[in-house]
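Going by the working numbering, the first residue of the sequence shown is number 12, and it counts up by one from there.
Hints are computed from structural coordinates only; laboratory data are not their basis.
Here the structure is a predicted model, which means the values were calculated and not measured.
Each residue gets a CB set at the ideal place from its N, CA and C atoms; glycine is no exception.
Treat each hint with caution, since some may be false.
What the hints assert, rightly or not - Just the calculated beta-carbon pair ranges, DEER-fashion: (1) E176 - A32: 28 to 38 Å; (2) R64 - F95: 32 to 42 Å; (3) A44 - R70: 17 to 27 Å; (4) S84 - L134: 34 to 44 Å; (5) N122 - G72: 21 to 31 Å; (6) R178 - W149: 21 to 31 Å; (7) W73 - N122: 36 to 46 Å; (8) S38 - N132: 36 to 46 Å; (9) V108 - R147: 16 to 26 Å; (10) A44 - F95: 17 to 27 Å; (11) R178 - W131: 54 to 64 Å; (12) S38 - R64: 35 to 45 Å; (13) G172 - V111: 36 to 46 Å.
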Amino acid sequence: MPAGKTHDRITIWVTPWVTLAAMIATSHWGYTALVVGGFLFASTMFGPDLDIRSVQSQRWGWLRWIWRPYRRSLRHRSWLSHGFLAGTVVRCLYLFVWVVLGILLVLEISNTVGHTTVTWNDLGQTIGQVFTDYWRVWVAIAIGIELGAMSHYTADWLVSGWKREQRKTAKKPYSSRQQPRK
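Construct the complete structure from the given sequences, taking the supplied hints into account.
Encoded structure:
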């Protein structure tokens, strides 16, 4: 498995290619920026390694505590953390729950103090409206996030396979030729 710095280098090298592919696919700088932003976010702080103590989890700073329950409940490299689409969906839903809880806390305090009078119905309608009116934006961000995750677990898979092959050949000193006869 590559170290966090290796994943960061891969992100630096792959970002121009993601930018080019997104621009070709969308022909729109705004959507390209959203895809690349999602890719960079996923590659640096929202990737599959949030299920362990990692560089990605440390980058959350004082908010890294929100990932402790996630880390405790998932086995490292399980399909729920490193799986194609599944890992990204689980992380997005997990973060969405925390964001909604934060919004609810702020609204409850604001309603109690008397600055706002937001109801559950208002909140539900607003969230629904944001997702339906801006669905293209959310799709672009989601594609970028999944591309960042794919970059991560593809690198994990390639490096693990390479290390496995290295261990196999280290056990066989004459792997490419037969031992000399006496």
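How the hints compare with the structure:
no.: 1; hint: E176 - A32: 28 to 38 Å; verdict: 30 Å, holds
no.: 2; hint: R64 - F95: 32 to 42 Å; verdict: 24 Å, violated
no.: 3; hint: A44 - R70: 17 to 27 Å; verdict: 21 Å, holds
no.: 4; hint: S84 - L134: 34 to 44 Å; verdict: 27 Å, violated
no.: 5; hint: N122 - G72: 21 to 31 Å; verdict: 29 Å, holds
no.: 6; hint: R178 - W149: 21 to 31 Å; verdict: 43 Å, violated
no.: 7; hint: W73 - N122: 36 to 46 Å; verdict: 26 Å, violated
no.: 8; hint: S38 - N132: 36 to 46 Å; verdict: 39 Å, holds
no.: 9; hint: V108 - R147: 16 to 26 Å; verdict: 24 Å, holds
no.: 10; hint: A44 - F95: 17 to 27 Å; verdict: 25 Å, holds
no.: 11; hint: R178 - W131: 54 to 64 Å; verdict: 57 Å, holds
no.: 12; hint: S38 - R64: 35 to 45 Å; verdict: 41 Å, holds
no.: 13; hint: G172 - V111: 36 to 46 Å; verdict: 39 Å, holds
Going through the hint list in order, the structure does not satisfy hints 2, 4, 6, 7.
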